[in-house]
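Listed below are the residues making up each chain.
2 protein chains.
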Amino acid sequence: MAAYTRAVPHEGTVAHVPTCDAALSTAFQLLGKRWNGVILGTLVSGPAGFSDIRRALGGISDSVLSERLSELAAAGLVERKVAPGPPVGVSYELAPPGRALAPVLQQLIEWARTHLR
Amino acid sequence: MAAYTRAVPHEGTVAHVPTCDAALSTAFQLLGKRWNGVILGTLVSGPAGFSDIRRALGGISDSVLSERLSELAAAGLVERKVAPGPPVGVSYELAPPGRALAPVLQQLIEWARTHLR
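Protein chains in written order, with our numbering: chain A, 1 to 117; chain B, 1 to 117.
Keep in mind that the hints were calculated from the coordinates and are not lab data. Be aware that one or more of the hints could be misleading.
If chains are identical, the list can't say which one is meant, so a pair holds when it fits in one copy or spans any two.
[To be verified] Calculated lysine to aspartate or glutamate pairs in the EDC-like style (CA-CA distance at most 20 angstroms, straight line): (1) Lys81 to Glu110; (2) Lys81 to Asp21; (3) Lys33 to Glu71; (4) Lys33 to Asp21; (5) Lys81 to Glu93.
All of these numbers come straight from a predicted model, not from anything done at the bench.
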């Protein structure tokens, strides 16, 4: 880590001015919202139906999962596909921006396995 | 995406059983909590004092920042350093597990700049 100086009394300060990246903030607002990140993680392996996603997550209600899938679709990360019936089959899959996130999620999984208790 | 079959009436189902990775879930429980991810992002560039972090984030209260830094320290991602005074200088920096997360955060930033509206 860089050396730091203490220029301001009563607080350790540093030679640089720390900043918060706006894109990172936007990413965590979306992905950090309860369930959103793991919903995307669940879809990395391929399309899945509503009940399959709910079972994979465990503990999420129908209404919350429905709301989250709509939010992820509105953000362009997930696509809802309807296969013509009968019976009508609805499935959810990652849209291209969601698929582009897959390697980042994989890195995050590897980091968590190594470093989180 | 993989082709999928519809084996269960009234729902699109897939040839695989989707699963939710436990490590990803743990990671998002910690990093997804409001402010935690961006606090780590702010510390990627080096150690920072409490007020510097608060300024960089904008809109976070002292008590919440204090609580979040303690939580990240308890998880082993952040270290609190006290430089001998007077005046005493307190700074926060990434511990090795937090530094290991830096390239993942950078990838997340690049993804968000490209794909998030």
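Handout entry: Intra- versus inter-copy proximity for Asp21 and Lys81 (alpha-carbon distance at most 20 angstroms)
Key = Neither, since 34 angstroms and 24 angstroms both go past 20 angstroms.
Exercise for the section: Using 20 angstroms as the alpha carbon limit, work out where Lys81 and Glu110 are close: within a copy, between copies, both or neither. Expected result: neither (30 angstroms within a copy, 28 angstroms between copies)
Exercise for the section: Could you place Lys33 and Asp21 in one of the four classes (within, between, both, neither) given a Cα distance threshold of 20 angstroms? Expected result: Close inside one copy (18 angstroms) and across copies (17 angstroms); limit 20 angstroms.
Exercise for the section: Tell me, please, which holds for Lys33 and Glu71 at an alpha-carbon limit of 20 angstroms: within, between, both or neither? Expected result: both (10 angstroms within a copy, 18 angstroms between copies)
Practice task
Up to 20 angstroms between alpha-carbons, please classify Lys81 paired with Glu93: within, between, both or neither.
Solution key: Only inside one copy: Lys81 and Glu93 sit 8 angstroms apart there, 45 angstroms across copies, limit 20 angstroms.
In summary, the structure is inconsistent with hints 1, 2 from the numbered list given earlier, while agreeing with the others.
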